[in-house]
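Asks: Both chains are given apart, each in its own frame, so use the hints to dock them into the complex.
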Amino acid sequence: MFDTTMIMAILPEILMLILGLLVLVFDLIWKKRDGRDLGWLTAGGLLFILIVTAAIARPAESTLVFGGMIRYDMMSYVFKLLFIFGSMMTSFFMMDIEQLGKRGEAYILLLVATIGMSLMASSADLIMLYLAIETTSIPMYVLAGFMRDDEKSTEAGFKYLLFGAMSSTIMLYGFSLIFGFTGTTALTAITDFTLPLAVGIIFLMMVGIAFKISLAPLHFWAPDVYEGAPTPITGYLSTASKAAGFAVLLRLFLGLFPETSPYAPTWTMIMAVLATITMTLGNAVALSQTNIKRMLAYSSIAHAGYALVGVVSLSELGVGSVTFYLIAYVMTNLAAFGVIAAFSRVAGSDEISDYAGMSRRNPTLALVALVAFLSLTGMPPFGGFVAKVFVFAAAVKADMIWLAVIGVLNSIIGVYYYLTVLKVIYLHRMEGENEEAHPIPITRPYAIALTVLSFAILAIGIVFGPWFNIASSVAEGLF
Amino acid sequence: MTFPILSVIIFSPIVAALIILLMPADRKTEIRVMALMTAAFALILSLWVYLNYDQTLAGYQFVEKYDWMPDFGISLHLGVDGISTPLLLLTGVVMFTGVIISWGIEDRPREFFAFLFLLASGVFGVFVALDLFMLFFFYEIAVFPMYLLIAIWGWVETREYAAMKLTLYLFIGSVIALLGALAMYFQSGLGTFDMLLLETANFSPEFQKIWFLPIFLGFAVLGGIWPFHNWSPDGHVAAPTAVSMFHAGVLMKLGAFAALRVGIMLLPLGAVFWAPLILMLATVNVVYGAFIAMIQTDLKYMIGFSSVSHMGLVMLGFATLTEQGMTGAGVQMFSHGVMTALFFAATGMVYDRAHTRQIPELGGMIKPLPWVGVAFIVGGLVSMGMPGFSGFVAEFPIFMGVWQVKPWVAILAVISIVITAAYIMLAIRRTFFGEMPKELEGHITPITAIDKVVLVLLSGLMIGLGMFPSIMVPMVQTGVQNVLRILGGA
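For the record, the sequence lines run as chains A and B. Under our numbering, think of the first position of the first sequence as 1, with each following residue one higher. Under our numbering, think of the first position of the second sequence as 480, with each following residue one higher.
Only chain B is shown next, with the shape it has when bound in the complex (with noise of 0.2 Å):
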């Protein structure tokens, strides 16, 4: 009997938020503490999973299997692969990163941390869910949540609409996607979720032709698919900074990786039915994301659409269903994982202290804030898919999939990397240098060491994929070649 490692990440989480909530809640500090212990628990184990997987035996690793309701074939089935332990290391840090943020908020802290511990519980549960309906179970977990962290804690303009928004999204696109996976159940006629038995049902053509894109798109709303986008940037806008981190980090890939999951991988004929589809959708997110993103005076509408079209990356490289594709696109989910986090921690920083996010009210910030300027400007270079950081060894390997199999697609989507350089800098330019505004000027305090830590450890790890992009890139590439493996069958 090894140690069950995955089951630990997962519900070590929902302890916590239990143990949380039972404490007394004018004891901030001890919650706080309490909250970045398991954090830091999480991210140890994460990393430690990351570092233990063996990438010569690829497959599903760290395997563990439990029977939960064996009549109706459910059971809690964990597993990971190369393509979800990078999002398990993804998830580790900006938990960790997101409570150190969040050691400010002083209005309930307890049911905050609580609810964030739950999302975080769902999220790690998606990840490394092997079993179809456990993979619904900690979806829906890992969307709840969220709307009463941004309803309660959001910014104050918009946060019951975009809580809303968010979760009625989010809730369509799911029990659509959930239908779809009934459907499956019921016709593959083997009476189990498990989705390693699933994939070797061999549903018919038509079946999977009719079921693919409710599923696929069900799970893209929440990887901010176009035309269904649009609930994220209101999202990310209305929450707090912590939340931001999660969501746009973290939660987006969700939707992505259920999508490939359970769309591709169950699906395989629909899929490649349907990708010059989702190609053309994915491209639309890609250019009209940047161009939205470039019109934004908000910096964090400005990195809500840099999400979408950062998304539809990932999206454009899963429909191109060739290996460089998706293994560009299983790297771009972790790269532009940490590159939001960090981008919204730093835009976090900044509106406290200037309670401003409108980028002409802003300037000059890097003299006051010199870390944060950098942690901006290393997140903008990443952004922009600039050789030597993150985002060039993922998009590179994207733009060359596409290529393969739509050069025209490509020579559009490149053109969002010109926008997404242009309102990059601009933002860079007009927020951290130039002229303090009068008002500003003798406000802006500085970060604290703690603040510090979690901008170096983003950067860093952006920086250290993009110098060794070994350290991941044929991490992925198992997983894909899995991928590409039932594909190929099909």
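In isolation and in its complexed conformation, chain A is listed as follows (with noise of 0.2 Å):
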């Protein structure tokens, strides 16, 4: 009955598991402990699963587990070492964040995310994905409205649930067309690729994507929930949580509507259109901002446009392009986070003005918070660079050079926003030049993630070739 290759295919699902049920009993029977007990219990944990997944989970060739409902490939693969990278990253965040790091409910919730987003990249039914989707959801709602005490919190978790609630139901109605018309659920056995009404399914399947990855006009929430959620769960929500949505928008388009579908011109045309749209609204909103986690916001509602520039091109250079954007991208935009957590631990503030002076009052965490905001910005020798040249490689290779141009344009709005902030950060000065007395001391979990993160934004930055080959690999399976 079961295989070897069943197990592997969930390898990392199982281990999660068996990591949340031990912080849940941990959590229960050991009352007198240090508050960060947990969280390195869950950050360990995390790490040994990257471990053991990666070297031991590595699919040979492409295959259908449990009954057709999983797919075990390289994209799932390589999509949950993100996930579970991270999810590692963010608990390390969440450890000295009152409120969240010493409760375990909130490691629990993070970890059964994480297993939603494993089987969102892996799924290959269709009832799979919308279980793993809501696997995903549910967590992050309450997840994001955790501090119970917190207005903004409280409101971003509703306001979350309802967009979410509503966008999946969409979706959901688009999934039930298929099967209306098709007979089957199972992706893979889809092979008659003209279904009546494509275009509705499209458009309804597009709905849950788009609101997953934040693209323009299902935006709305992203700000309201990445500003009053607690900020680790911010970065989780903005990083992990959208490559997942993108593992989705990969694994779905290509899969039913592949290049020789008829429909591939007409979906990859509102593909085009809805990135133009997104990444124009995202930079140019974001200009205007006067906080930090609502400008990240939508400077990542800008980078779901770029790295859908690269779906767009359905090439194996634009899967491999998006993926290897991803990857740069989660590093990145969790290191910006990091950053920020650390410092509103302590300033209390999340106004881009309070930010002045940080280089005095801490300049090894300033330096991060310059590699993550010039890899935002697409600067060498810092990941984003590479892979905004790739993401456009890949349009200019199809032909897209418009859109190529539009991106190019938008990432010149970048600039400006992101390097604002730099320029607080480095030049202005606190109110009455005193910096020396307000530090802000670096706890060892922020020093350890924040290491990792911004070795990491370099190493994909310089040495990008093998990362490339990695991420070009999760098109094979596609293709």
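Hints in this document: simulated from the structure, not taken from any laboratory. Everything numeric in this text was worked out from a predicted model, so none of it was measured. Any given hint could be a false lead.
Residues from chain B shown here face chain A by an in silico Cβ test under 10 Å; the list is partial [as the list claims (entries may be wrong)]:
1. Ile553
2. Arg587
3. Ile631
4. Trp634
Note that the Cβ used here is the ideal one computed from N, Cα and C, for glycine as well.
Replies: Printed below as a string of structure tokens:
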């Protein structure tokens, strides 16, 4: 009944479930403990899972397991590693946040969400996919509203819930139409790509995915939720959760309407238009933000647009470049939110103007911010540069030069607001110019996570060859 | 296995920057000494490359090639030719003198030198890169530290504005050129970013005509070409002295050099087609820059616009597509680099003491600051293109080249020399001679011994090159002949 392939296919999920149970038990039975114990347990456990998964769960070939529910291929492998890594970094960031770091539920919810994302990246059946999406979303709703005393956090959780439930219902309706017309829910079983109502189905499914990856015009929730949610959760939401959405997007659309389908030009054109609107809107609105979390929310909307440029080109290079983009983006944005969490924990503010004098209050933290923001800008030697080049290269190769031009122009808008933050950090002074009296101490979990992330950003940006090979191996299973 | 000297030149500043960042912030003297040692090391290595470049062999030398991303045809392919070797030396010189000039920076010197060295690495990288991807990689590395260097350590009045303006201009230029590079990559079908292979790609004439302008102008933004020159004087003025030196001395050459290397050498047919337009734009640069420089009252603005004018001569030389013109342009890049570095160094020394750069508020500086005065005059003579100085060696062939192509353009451009002479002499007279204003008397302290090293080194180079053109001109010629071979084959 069970063979090793089946175990390997869901090995990370099994291990994360065990870890979650461990955290639960530990939380209940040991009352006298130091505040960070649960955090270290989660982070350490995830590191272990990351290493084990990377070492032994690499698929030799693409296979379908569990009666066609789960696909075991390079794509699921790469994305799972990415989610586990993101989740590990998030648990580092959570440890020292009041009301969040000492509570076992927070870590369990994080782990369950990660399990859901892992399944999102590997499901090969519409029902499995929907279940995976809900497994991810529900813990995220709770986590976004975790700070019960904080009005903004409660509002964020509730808003996220309403928007999320709504959009996933619409997507579910799209799924039901596919089932109705084809009589199957297995993605691989659908070989006739000329469905009736295909354009309508494309739209319905797009709604669900566009919500997940915050594409315009379904991006409205993002700034409010990002601002209100606890910062480490925001970081997780904007990186791993978005990457999971992209994994679904690639699987679903390249699976249902591949290049050979007559609808391929339709949906790529819709996507190209959405990418244009998303990039432009995200960047333009980010310009006027005064709250750094809101600014990064709009920036992450814009980044979803850039990544979408790679999807549109419908090629192996495109899929590889999207995956590479997501890897670089996850590292970069996690670092950015890590800096914000570390800063606001001490300074108690997320206003950009309050970052004045930060480079004097903690030069090292300022340097990490520099790395993260320049990588978001797309400057070498950081990961963001190579990622952008590959995505635009995919567009140029697909003869969509106009899209590449729009992307490039947008990245120039990005330069302005990212550099403005750096300007405040490095150039402006605190009131009274006595920064030395207000240092920003960094606790150990932040130090570890931010160091790892900074080096990862540099590694992706400089030794990009091996990373890109991993990313493009994702494409092999899809084409 | 020979010693990988070019990679050492590129990466030693980055390594030094990392080491400096790890040093404690309050050990300022140690940080400065470390910075000076790094700069001296880079200078010695680049001088070694210059002296050991074999002119009889010509072509690309000290070549290194390491696969970086074989699937994409990206490799770390480095090498220098007759055009880039002098620029390598120029970077070494400006870096060394820039570190000395920045000795007195008290506000976070650790970060200052780290960013400056990152910038230097990028500049070295662009000059020696033979791979298009790597060229962009280093090009961007050279651009962004500029923002922080100007915004943090620049002149309080305009630094935020100027730094942002500069970064946006340069970034727009470079990303547009980047698109062109990607188009070339896919169009060639060779699957490589190696520029030596792309030279043989034989792009269709239509393709070359479409993409030449975005690529050439994208890079030429950094070379200060009209009408995209506007960032440059503002940037020069707002930057701290060492950064102005780097900026006008080296960075603007980066733009011109990349425009030549990528624009003209990879898309020769496009270059031939668009050369008249570039010629026009460059002529506007030369004449307009000189006129605007004449009406400036701020010394740094004056030098900034004079840079626009002089960089116009470089573009003019390129646009002639003749041996004389391009050789002159190659020498002009070096000569102008040293000259502006000297101007900015001298201006910085005056400003540090007088606390003003307004020409009408200065005067009689030659008495307390004789070294600075003499150096400024040497720079002025170079700027005017006096025989016996490097400016003449550079500008005379450019005008010869232009005359061959369009005599009336040469006549127009020569007017700029007269204007240059006028504003330079006026500035020298008002700043260094005449009566010293009452409020400055007694405040002008003499310069230090290491400041003199800077002035002597830079002036000496210009006089040396003026007296003995053979130390550089034949070398540049070998590089230009290669460009002409490509153009001729087109």
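Asks: Do the numbers back the hint for Trp634(B), that is, is its least Cβ distance to chain A under 10 Å?
Replies: violated, 13 Å
Asks: Should the interface hint for Ile553(B) be scored as holding, given a Cβ-Cβ cut-off of 10 Å against chain A?
Replies: Cβ of Ile553(B) sits 8 Å from chain A, so the hint holds.
Asks: Next item in the hint list is Arg587(B). Is there a CB on chain A closer than 10 Å to its CB?
Replies: This hint holds: Arg587(B) lies near chain A, its Cβ roughly 8 Å from the closest one there, short of 10 Å.
Asks: Hold the hint about Ile631(B) up to the distance rule: shortest CB distance to chain A must be less than 10 Å.
Replies: Interface hint status for Ile631(B): holds (5 Å vs cutoff 10 Å).
When each numbered hint is compared with the structure, a violation occurs for hint 4 only.
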